[in-house]
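Student: Sequence:
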Amino acid sequence: MMNSLKTQMKSITSGICLLLILGGTFQAIHSQVMVDGKLYPDLLWGEAEEDPSDFNKGGFKRIPEDFIVATGKLWEGEPPESMGSFVYDGRKISNCGTFNNQIITLILTGKEEDRKTATAMFKAGIRYDPRFFPFRYNYGRLLHIQNKFDDALIHFELAKAEIPEFYKTYIHIGILSELKNESYYAIESYKKAAALNKYKTEALVLLAEYYLKSGIRNRASIYLNEALKIDEESPDARVGFARLEINAGNYYQAYKILNETKLSTPEGREKDYSKRFHFYFAETASRVLDYETSEDQYNILLKYPNDPFFADFSYKVIQRRRDISKKFAEAKKTQLEEDDVEINKSFK
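First residue of the sequence shown: 1, per this note's numbering; consecutive thereafter.
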């Protein structure tokens, strides 16, 4: 399987940057994902059938903010030099990987001015090498954040053409297709993502959410139960079950599910999960009058301005909801303190 795929990729890939990053044998695009305390391959293609000791040149790695960064051999150090160079803003750029990583640093600030600079840098990089996978994937992510759904979809489709075995690209294509009301393509993309990475629950949960929004609760439950077979402690799957309860008006039960969800492994490492968890936890906490938890969860969510969640939900709206929860939390605290004073007086 792996050998045939390499042959296929060699025949279709000729990007100047991509050739050097992956090396002559196109092997170094692997990373690891923690599932239920165990490490599994989080591959951009194929299965872990080879000894990584002979990987060449460098590789790609997906960071928690869901961007692709370029690395050296075995995901360490600086990416290798490109086979050519181009000029951006008066500077000679001879390393596409480093240039890509600098763009990601700008995006992660969340500042509008930095995003404009990142856009200009992506355009320059893509003009030089339109087949460099990180440029296409990451630019698609940025365009999604900026609510430019049609343009984002184009770049994810082009990223898919370069590395068709990376499951996460199909996730984004599915999300964008839903936003464009192209339901059939969204479902097919989610199913493809689930098939490509059987260790991740994200695509199954997205399928469940689609059917829940469509009012087909029994099919939503089927996909959520499939997700639990992969990881019974998956935060994404538990959010799905919480949403089933919210949909039925059982807010306390949803609150209980989310409150009992663990977001880190026993070793203390944060799990890879969708940050929309904090939105649903904040909303249900508010419903059951736990305004302090609601405020805390909104604050956590606001720490991730580049999360795909904010492509569908205004950052300012979340700030306003946080402020409302804060006011109610303070009022509730004041009331409890006044009640304590009255109780203490009655015992004197």
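To be clear, the hints were calculated from the coordinates, so they are not data collected in a lab. Keep in mind that a hint or two might mislead.
Stated by the list, open to error - Quick list of in silico lysine to aspartate or glutamate cross-link-like pairs, DMTMM-like style, CA-CA up to 20 Å:
#	residue 1	residue 2
1	Lys-191	Asp-231
2	Lys-275	Glu-330
3	Lys-92	Glu-76
4	Lys-191	Glu-226
5	Lys-148	Glu-182
6	Lys-148	Glu-165
7	Lys-271	Glu-330
8	Lys-256	Asp-231
9	Lys-61	Glu-283
10	Lys-57	Glu-81
11	Lys-198	Glu-188
12	Lys-271	Glu-65
13	Lys-333	Asp-312
14	Lys-262	Asp-312
15	Lys-327	Glu-292
16	Lys-256	Glu-283
17	Lys-271	Glu-260
18	Lys-275	Glu-260
Student: Determine for every hint whether it applies to the structure shown.
Tutor: The hints, checked one at a time:
1. With a C-alpha separation of about 18 Å, the suggested pair Lys-191 and Asp-231 falls inside the 20 Å cut-off, and the hint holds.
2. Distance check on the hinted pair: Lys-275 and Glu-330 sit about 26 Å apart at the alpha-carbon level, beyond 20 Å; violated.
3. As the CA atoms of Lys-92 and Glu-76 are separated by approximately 24 Å, the hinted pair breaks the 20 Å bound.
4. Between Lys-191 and Glu-226 the CA atoms are separated by roughly 12 Å; this keeps the pair inside 20 Å, and the hint holds.
5. Distance hint between Lys-148 and Glu-182 is fulfilled; the C-alpha atoms sit about 16 Å from each other, no more than 20 Å.
6. This hinted pair does not check out: Lys-148 and Glu-165 have alpha carbons roughly 25 Å apart, beyond 20 Å.
7. Distance check on the hinted pair: Lys-271 and Glu-330 sit about 32 Å apart at the alpha-carbon level, beyond 20 Å; violated.
8. Restraint check for Lys-256 and Asp-231: the C-alpha separation of about 19 Å stays at or below 20 Å, so the hint holds.
9. Straight-line distance between C-alpha atoms of Lys-61 and Glu-283 comes to about 33 Å, which puts the hinted pair past the 20 Å bound.
10. As the CA atoms of Lys-57 and Glu-81 are separated by approximately 9 Å, the hinted pair is consistent with the 20 Å bound.
11. Our distance criterion of 20 Å between C-alpha atoms is met by Lys-198 and Glu-188, whose separation comes to about 16 Å.
12. Between the alpha carbons of Lys-271 and Glu-65 the distance comes to roughly 12 Å, so the proposed pair stays at or under 20 Å and holds.
13. Restraint check for Lys-333 and Asp-312: not satisfied, since their Cα atoms lie roughly 33 Å apart, outside the 20 Å limit.
14. For a cut-off of 20 Å, the pair hint linking Lys-262 to Asp-312 is broken: about 25 Å separates their Cα positions.
15. The suggested pairing of Lys-327 with Glu-292 holds, with an alpha-carbon distance near 10 Å, which does not exceed 20 Å.
16. For the proposed pair Lys-256 and Glu-283, the alpha carbon gap of about 13 Å is at most 20 Å, so the pair holds.
17. For a cut-off of 20 Å, the pair hint linking Lys-271 to Glu-260 stands: about 15 Å separates their Cα positions.
18. Only pairs whose Cα atoms come within 20 Å are accepted, and Lys-275 paired with Glu-260 is accepted, the gap being roughly 16 Å.
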